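Enquirer: Residues per chain are reported as follows:
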Amino acid sequence: MTTLNRAWGHLTLTGKVLLPLLFLLLVVAPVLTVLVAVFVGPWVVDVLASNIGIVRFVVAVTGVLLFSIPAAFIIIYMELKVIARMNLRVGPNRVGPAGAAMSVVHGLKVLSKEDFTPTGADRLVFTWAPVIVFLTAVMTFLVVPFGPGLVGQDLNIGLLYLFAVGGMTVVGLLMAGWASFNKYSLLGGLRSAAQVVSYEIPLTLSVVGLILLAGTMSMNRIALDQQGGFWDWFVFRQPLGALIFFIAATAEANRTPFDLTEADSEIVAGFATEYSGMRFGFLFFAEYVNVFIVSALMVTLFFGAWNAPFPFPHVDLALDPGSLGIGLLILIAAAPLVLTLLFAAPFYLARSSTPAWQALVLGFITFNVVAVGLLFGVAYVGLDWIAGLVWFMVKSFIFVFVFVWMRATLPRIRIDQLMGFAWKWLLPAALLNLFVTAAAILVVDALKAG
Amino acid sequence: MTPATPHQHASADDPRILLDDQIGAFETVPPYPPRTEREAEFYSLGDGEMFLNMGPHHPSTHGVLRVVLKINGEQVVDLDPVLGYLHRGVEKLCENSDYHHIISQVDPLEYVSSLFCEWAPVMAFEQLLDVEVPRRAEYIRVLTGELLRISSHALFQGFMALDLGGLTPILYGFIERDEIVEMLASITGQRMLFNYFRIGGVNGDLNHEFMSRLGDWMSRALVQVEANATLLNENELFVRRMRGIGIVDRDMALRMGVTGPNIRAAGVPFDLRRSHPYSVYPELEFNIPTRGHERGGDSLDRYLLRLDEIRESIRIIDQCLHNMPDGPVMARLPRLMRPRPGRAWAAVEAPRGLFGTYAVSDGTDQPFRLKIHDPSFVNLQLVPLLVKGNLVADTMAVMSSLDPIMGGVDK
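Protein sequences appear in the order of chains A and B. Using the numbering used here, the letters of the first sequence correspond one by one to residues 61 to 510. Using the numbering used here, the letters of the second sequence correspond one by one to residues 428 to 838.
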C-alpha cells in the first residue's frame, strides 16, 4: 500500500487525472465494445456504407500516415549508408544486418530524449510548429497514385491540392523559427519563407505545360496518360519542365544545395536549433517524407508514374483454390516440409563439416526466400496494382538516391544566389517552357484540323 | 523582473535555475559598460539591426573563436571577434620550463601542424647555444615539416568545403592527413603532438616503416591531391561561393602584416624559406607560387594557392629524399643547458605563415622571456575588414579561407 501511495505521490497533476480515467476505460471499454457490436453495429455499418466517400478518406489518411513512417526510415538509412560510402566510410554497421535498424534506433533515441522548451519561447506556437510541418508533408501523399487504383483521393484538382498543401509547410517552419526565441532559428525560418515562396512560382509554372498536354490536374489521370511504354513518359515531351520541376522541388524540400534553412555551418540547425526529443523527430521526419514526396512527384508527373517502361506481362490468374480439393490441403501441409528438406540436402551434402541442424536452418531460409519470391512473382504477373506499386517504388527510390547523392557532392549556395537563380533563370525558363508548349499544341491542333 | 524560483518540473538546462535575470542568458552585450569607443559604437544597435552570437560553440568557427555579428537581415553590418577561450598562458608556462621542456609546451599551439611550433623555438635556442645542427637532422626537419604542410593544407581543403556545406571533401582530406600522420607516428610515436625536434637535431632517425609508408604515399600523392581537388575546383556552386569574396589586395595584406599563403594569394611572393632562408632550404629547388593577379586575392585565390603549395611541397620532399646525407641526427650537447645571456629571434614558414619565436636568456636553464608570434592571430585581424557588408554565409567562406587555428591565436 505504501508503494502505491509513493507512486501516486510521484505523479504529476495530469497523471492524477488521467490514471483513474485510464482504469475506468479499461473496465468500461470491453463492456461498451460488446454493447456497441450487438446494438449499434448494424446501424454503424449502414451509415458507413452510405458515406463510403468519407470512410475511404479516413482509411486513406490512416494509410498514408502509416506508410510515411517506414518510407522515412528507409530513406534515413539510405542516406546514412550511401553518404558514408561516397565519403569512403563504412556507415552504420552495428544495429541489425549492415546497420539496417539504425533509423529505428534513431527513432527510439529521439523518443527517449527530453522534450525541452527554451525559456522565452512561445510555448503554443513552439509546440504546434512540428505538427504542422509533419502533417503538411504527410497530407501530400493523399493524392499520389502509388499504383493503378492505389490512390488515396483521386481529386480532379490533385496538382493544385499538392502545391497548396506543400506550400503550407513554410507556415510551420516560420512558426518554428519565430517561436524558438533564438536568432539562428529566426534566420532559418525567414530563409525558408523567402526560399519556399520564391521557388513555389517556377515549381507551379513548370507543370502548367504538362497540364496543357494532359488536359487534367488529376494525378491519377496524368499517370494513366503515360501508359504504354518508355516513350509515352512526359519527360520526353516536357524535358525543360522536368528539369525546372526537379530543381524547384529540391528547393521546396530544403535539400542540398538549397538547404539554407538548416545550414549547419552558418546557422547551426536553422529553425530546428531549439528543438529536441520527438518534436525534433517530427521536423526530421518531415524532411525525409518531403524527399520521398518530391521523388514520387517527379516519377508521377514526368517518369511514367506506376507504368513499367515496357508493357506489363499481365496474365489473368483463373486460379480457383476450391477446385484443388484435398490437393490444397496436401500442398499447405506437406510442401514446406518437403521443400525444406529438399533445399537442405545440398547444404548437407556439399560440405561434410556442416551439421544437420545448420543445413536444415539454411534449407528453411532458402525455402522461405523461394516461396516469397514465387508468391511475389505470381502477384506481379497477376495483380497489376502490385506491379504498379513495385515500379513506382523502384523509380521513386532512384530519385531518392539522386537526392542523397546530391547531398554528398554539392556545397550549399548563398541566399542571394538562391533568389537570383529562382527569379532570373528558373522563372523565365518556366515561362518559356509554357509558351513553347502552348504554341506547339496550337500548331499540332491546327495541322490535325487542316 | 522577479527571480523565478526553481520549481519541481524545471529542466536542468533551464537558465532560470541559474540566473536571477532571465534576459542575461540570451544577451550578447557584455554585462559591463563599454570600455572603449569602439565597444560603445559596436554595442549600439541601429534600426533593423540585431546581434548574432557566433561561437564559441559553433560548427564552423574552427575551435573556440567567438564572433559577435551585427546583422541587418542577412547582411553583416559589423563584427567583433572575441578571443581568449583557449588561452593557456603558454608563454608563461615556457618561462617556467627548461629548454627541453618548452618543446612539448609549444607543441599544441598550431595543433594541425605542430612540428612548426617546435621548429621555431628550437632554432632560437640553437642560436642562443651556438649549436651546429647535423645536416641529416636538418634534412629530416625539412622532410617532416613539408609532409605536415601537405597534411595541413589537405585538411584546409576539406574544412573549406565543409564550411560551404560540402560533406565529402573533409573525409578525403582526412585520408591524406591520416597517411601522413601515421607515417610521422612511426618515427615520433605520436599522431598529433609529435614532440620530435630537439635542440641540436631531432629525436631519432628515420626508420624502415616511415620510409616504406612514405614511398608508398609518394607514388600516388600527386594524383590523389589532384583527384580530391577536382570535386571542388570544377564545381560551379563551390567556385561561385568563393570567387570575389573577401578580397585581400596587396596593400591591405602588407598593411595588416599578413603572412603565409594569405599574403602570397594577394600576389606578394613573401616566403621565409626564400626571403630569410633557414635550415637547408637554400639547397633545395622550389617555386614560390603566387596568385591574385586576376581577381586580386579573394577566397578562391587563397584556396587554389594552398593546392599549388601542396605540389611544391611534394617536389621538396622528393629532393630531400634524394639529397639526404648520412650521419648523426643529434649534436653532442650537455644535459643541462645554460645558454649565454642574450636574445635570439627565429622564424619558420609554417602552413599558416610566419611562426616566430623571440627568446631572451638570462643565463639560467629557463628562458627569461619567450615571445611567440603566431600567424593565425595576425591573419584573423583581417576578418572584420573582409566580412563587413557581406552576407552571414560569407563569414564562413572568408574565415575558413584564412585558415586560422585557435590554439595558436589564444596561446
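To be clear, the hints were calculated from the coordinates, so they are not data collected in a lab. Treat the numbers as computed from the prediction; the structure is a model and nothing was measured. Yeah, the Cβ is synthetic: ideal placement off N, Cα and C, and Gly gets one too. Treat the hints with care, since some could be wrong.
[Said to hold, decoys possible] Among the chain A residues that face chain B by a calculated CB cut under 10 Å, a handful are:
1. Leu82
2. Leu84
3. Leu85
4. Lys169
5. Tyr244
6. Asp292
7. Thr316
8. Pro317
9. Asp319
10. Asp324
11. Leu402
12. Asp444
13. Gln477
14. Leu507
15. Lys508
[As the list claims (entries may be wrong)] Take a look, some chain A residues computed to stay more than 10 Å from chain B by CB distance:
16. Val118
17. Ile143
18. Met146
19. Gln213
20. Val225
21. Leu399
22. Trp485
Enquirer: Evaluate each hint against the coordinates.
Expert: Now for the hints, and whether the structure bears them out:
The interface hint given for Leu82(A) is broken, as the beta carbon of that residue sits about 21 Å from the closest beta carbon of chain B, more than 10 Å. Taking 10 Å as the C-beta contact cut-off toward chain B, the hint placing Leu84(A) at the interface is violated, the least distance being around 26 Å. Hint status for Leu85(A) relative to chain B: violated, with the closest Cβ pair at about 26 Å, above 10 Å. Violation of the interface hint for Lys169(A) is found here, the shortest Cβ-Cβ separation to chain B being roughly 18 Å, above the 10 Å cut-off.
A least Cβ separation of about 8 Å between Tyr244(A) and chain B falls short of the 10 Å threshold, and the interface hint therefore holds. With 10 Å as the threshold, the beta carbon of Asp292(A) stays out of range of chain B, its nearest partner Cβ sitting at about 34 Å, so the hint is violated. Nearest Cβ of chain B to the Cβ of Thr316(A): about 7 Å, under the 10 Å cut. The hint holds. Annotation: interface hint on Pro317(A) holds; nearest CB of chain B at approximately 6 Å, less than 10 Å.
Hint on Asp319(A) holds. Least Cβ distance to chain B is approximately 7 Å, under the 10 Å limit. Nearest Cβ of chain B to the Cβ of Asp324(A): about 5 Å, under the 10 Å cut. The hint holds. With its C-beta approaching chain B no nearer than about 48 Å, Leu402(A) sits outside the 10 Å limit, and its interface hint is violated. Violation of the interface hint for Asp444(A) is found here, the shortest Cβ-Cβ separation to chain B being roughly 41 Å, above the 10 Å cut-off.
For Gln477(A), the interface hint holds, the least distance from its beta-carbon to any beta-carbon of chain B being 6 Å, beneath 10 Å. Checking Leu507(A) against chain B by beta carbon gives a least distance of about 41 Å; that is not within 10 Å, so the hint is violated. Against a cut-off of 10 Å between C-beta atoms, the interface hint on Lys508(A) is violated, since the closest Cβ of chain B lies about 43 Å away. Remark: the non-interface label on Val118(A) is consistent with the geometry, its nearest Cβ contact in chain B lying 37 Å away (cut-off 10 Å).
Its beta-carbon lying about 6 Å from the closest one in chain B, Ile143(A) breaks the requirement of being farther than 10 Å from that chain. At the 10 Å boundary, the C-beta of Met146(A) falls inside the reach of chain B, the nearest C-beta of that chain being 6 Å off. Every Cβ of chain B is farther than 10 Å from the Cβ of Gln213(A); the closest lies at roughly 38 Å, confirming the non-interface assignment. Interface exclusion of Val225(A) from chain B stands, the closest Cβ pair being 28 Å apart, more than 10 Å.
Non-interface status of Leu399(A) relative to chain B is upheld: no Cβ of that chain comes within 10 Å, the nearest being about 47 Å off. Every Cβ of chain B is farther than 10 Å from the Cβ of Trp485(A); the closest lies at roughly 13 Å, confirming the non-interface assignment.
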